[in-house]
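Undergrad: Next come the chains, spelled out residue by residue.
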Amino acid sequence: MTVVVGDRKRQRWVEVAREFWQARSGRIGVIILAFFVILAIAAPLVAGTDYINPVKARAAGLPQWGTPAEVGPLGTDHFRRSVWDQFVYGSRISLLVGLAASFLTILIGSAVGIVSGFVGGKLDSALMRITEWFLVIPFLPLAIVLAAVLGRSLLNMIFVIGITSWPSTARLVRSQVLTLKQRTFVDRSRSLGGSGLHVVRQHILPNVSGLILANTTLAVPISILTETTLSFLGLGNPQTASWGKTLEEAFVNGAIARNAWWYYLPAGVGIVLVVLAFTLIGQTLEQIVDPRLKDRR
Amino acid sequence: MTEALVVVEDLHIHFGAARAVDGVNLAVMPGEVLALVGESGSGKTTLIRAIQGLTHPTSGKVLFEGKEADARHLPDVQMVFQDPTGALNPRRTVSEIVAEGLRIEKFKGNEAEAVSTALSRAGLRPPERFLRRFPHEISGGQRQRVVIAGAMVTEPRLLLADEPVASLDASIRGEILGLLRNLVDTTGLAVLVVTHDLGLAWNIADRVAVMYLGRIIEVGPTEELLDSPKHPYTKALLSVVPETRGMEQQILSGEIPDPKRIPSGCRFHPRCPVLQSGESERLGIAERCRGEDPAIISAAATREAACWAVKAIAVAG
Amino acid sequence: MTALLSVRDLTVTYRTSQGEVPAVRGVSFELEPGGSLGLAGESGCGKSTMANAILRLLPAGITTTGEVLLGEEDVLTMKPGRLRAVRWTGAAIVFQGALHALNPVQRVIDQITEPIILHKTEPDKKAAEKRAVDLLGQVGIPANRAEDYPHQLSGGQRQRVLIAMALACDPDLLIADEPTTALDLMVQAQVLAVLEKLRAERQLSMIFITHDLSVLTYVCDRLAVMYAGRIVERGPSDQVFERPTHPYTRALAAAFPTIGDRESRMNPSGLKGDPPDPAALPAGCPFHPRCPDAIDRCRDAEPPLLPSGPAQEAACILARP
Ligand SMILES: Nc1ncnc2c1ncn2[C@@H]1O[C@H](COP(=O)(O)OP(=O)(O)OP(=O)(O)O)[C@@H](O)[C@H]1O
Ligand SMILES: Nc1ncnc2c1ncn2[C@@H]1O[C@H](COP(=O)(O)OP(=O)(O)OP(=O)(O)O)[C@@H](O)[C@H]1O
Ligand code: SF4
Ligand SMILES: [Mg+2]
Ligand SMILES: [Mg+2]
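Chains as they are written, first to last, in numbering that gives the first Met the number 0: chain A, 0 to 296; chain B, 0 to 316; chain C, 0 to 320.
Isolated chain A (complex conformation):
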């Protein structure tokens, strides 16, 4: 019988997937995202790392500020480095930071939200006070201070974004849990002898998982933008090329004044497109899985 049930659950996800694909916004989001994911995975096939290194780039005789017409796909920057190679490898960093930081955000946010909403009482007030504290202090200065204190590495970047952006998720999940807790099926499970853990696993989680999923996809663009901002402010890892860092360097070195569009435009467009893709996917998912939006029919 468990096989049969598993079957039925899978079927539901197939249904969700079908409905998702039928929505135009979902389809566009997935196509854009797929493009960048493939680009990031296939980076070694379409680009190289050699010309990201200024020494090697110089040795190869690449010019400074080379236009795309002069030197290959996207020209070179002030250090003679290949912009195309930086762009392709930068996509890896942006996606990685975006996904990992969102994962952390959602993990903390959901855990806090579920515990707070379900257990209630003193623990709830304590957790909500912490959450509010995080919400009222301005986010960027905190992230800057944290990033400066912890040092400039990729892991720290992920940590900083994760630790500063979970509170809104926590609040959302908590309010959903609070309404779920009032539902009769929770009472029913309790009177069958179900423990708190049982109720959370069997009844609360399945009913907030959709919300959490949609929220995750919506957290990714925020993480990516934060990474960009922090890198732009010079708080990124100096060793790795992310889109945010490309933008910073282009800006600092006067690419705009020189009209070297090939330097800053790809990274900028990349960010906009990836952010758009995740937003489209998240919103479509939200509409499909959120029972409140669906019940209205």
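By construction, these hints were calculated from the structure, which means they are not laboratory data. Among the hints, a few may not be true.
Simulated coverage check for chain B against chain C, where a stretch passes if three residues somewhere in it have a Cβ under 8 Å from a Cβ of chain C [what the hints assert, rightly or not]: (1) 160-170; (2) 176-186; (3) 197-210; (4) 226-240; (5) 281-288.
Since the model is a prediction, treat every value here as computed from it, not as a measurement. The C-beta atom is built at its ideal place from N, Cα and C for all residues, glycine as well.
Position chains B and C with the ligands against the provided structure of chain A, taking the given hints into account.
TA: Same frame as chain A, now just chains B and C with the ligands:
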């Protein structure tokens, strides 16, 4: 006399100003069906939720086999909820829902078989048709039967059923009530059933208790109570039963009862036809009706009504 | 008089992993302004499906065919905007078992005024609130409870809020799907009296679904009994249960409890056999496997609904005048 399975002692449950349950004594014996009837909003659901341990009493006690049963959950007590649709998790299939109780108590036997048997006994036949469905894919009455199957599958000793057959047609209703009565007679199951369906009481209940605004105001053996009600509220309630159309219908007038403003004296007095018709005056109890609360009916009472007029007539007669 | 609602050959088919489930299989009826049709039938026979299909409230992916004419317009082909307008003001529905469907974080009064304000059936918010409180009072909920949240109300009180909500925009047609399952007889009588008054004063038409046959005979002037997705008997309400001509109606009426009847004391009666599976109906008359009067001919073809008495119709080959 056998010992009661569950005893409720002077139970009070307040929600802020609302005194939803306002002094209730009650006992249910093993192998007994007690029907709890009463006006919508009179505190029936609140009372049985407290017995199940889902609501904290403001004061008073619930004793299960003589032991205090507070907030902890009693595996021997199962509840059928008033709102079947709400009682089913929309993300779980029928088979998972019915099996939940078995999984919690780490049932050793054949789960699939137990679930199928429970479903077919509740009239969902063949069970394979329903196992894989989600709650929104079955009809309202079918949902109600899933809730019943889920409560019965763990073989409780006390069943608290809140309007268990309200959305079932007469034939399936009969089948399920027959099943319940059979279990009561053969296994000693005790049932406390909340219902507005007096036919249900007639069909399966040994005793009936009538609730009004947070109190039990009359209790007695089913036949006696339905044949010759004593309390004016019970009389009025029975007068609107379509089958007893012989009686003159008494639609109560006066203010709408509200647990936030329980009237002084007899809580029924603002709507009581006996008082309104001047009958109380003649019996010389009108003052008491308005000013003095009739005593709370005890759990041991076999036949009693909390009404001054009933007492006065009994003394006189 | 022209019909307010006329349903023609309505069918509804659910699609599931196990195949198609024809839940409603060709139902036709008409309803005049001020008329009321009662629907009874076995649990799972398709009553709610039909009620929801009339207002096109079934989720996407379910096949509905036939015609549902509300006035001149076919609901099944209406534009979404028009449909939204019709849903509250033209026709309103009280869903079955919707006690949990009220918004848990909104006060009940706001939930009742919402459609009134949305459809502008009252001039302003104040008037809308006055109307909401007035409606609540009519169904027996004191004014000071209007500010409560749904979880502070009892089951029956919530059910009455749903009824008040459906009546909020003065619809011409009310579809009530088991609206009184949580009400005691006294309150039920009060609510039914409110509906009766609206019917007399404003020509409110009603489709009333319930298992309580005495309520049906009280509220409705015409009754239809459904079995396995079809109407199997219909006629004037007092007549159908006093002189049922279809064996299923007879069984249903017999199973209905009578207080004081010694035989049924401690002995509730049911109907033998299993309810039909809409996905695999027996050939011929779908009731024949459970029918006490069945003859060989019952297995041949599904009998159509034909006159079985004065103003009465039944889908049974034995029930011919
Ligand atoms: N959480 C709460 N807060 C405030 N009042 C409440 C709460 N729960 C119940 N009440 C009130 O207590 C009274 C009793 O409610 P209860 O649900 O026990 O009634 P009931 O007898 O089951 O009625 P019904 O037959 O309509 O289901 C009602 O007036 C209700 O409004
Ligand atoms: N989404 C669905 N998918 C598949 N089958 C369904 C779905 N919804 C309902 N059904 C089936 O269709 C049939 C008719 O359901 P419907 O809800 O109309 O019954 P009903 O007459 O209202 O019954 P009740 O009196 O129990 O409320 C039932 O057998 C039910 O199991
Ligand atoms: S005590 Fe008085 S008011 Fe109360 S029910 Fe009896 S007669 Fe009526
Ligand atoms: Mg209740
Ligand atoms: Mg239904």
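Undergrad: Give a verdict on every hint.
TA: Hint check:
Against chain C, the region 160-170 of chain B contributes 8 residues with a C-beta closer than 8 Å to a partner C-beta. That satisfies the three-residue criterion, and the hint holds. Counting residues of the region 176-186 of chain B whose CB lies closer than 8 Å to any CB of chain C gives 3, so the stated coverage by that chain holds, three being the minimum. Check result for the region 197-210 of chain B against chain C: holds, 6 residues qualifying (beta carbon to beta carbon below 8 Å, three or more required). Beta-carbon proximity to chain C at under 8 Å applies to 5 residues in the region 226-240 of chain B; the threshold of 3 is reached and the given coverage holds.
Taking a C-beta to C-beta cut-off of 8 Å, the region 281-288 of chain B contributes 0 residues in contact with chain C, too few for the three needed, and the coverage statement is violated.
Hint compliance for this structure: hint 5 is the single one not met.
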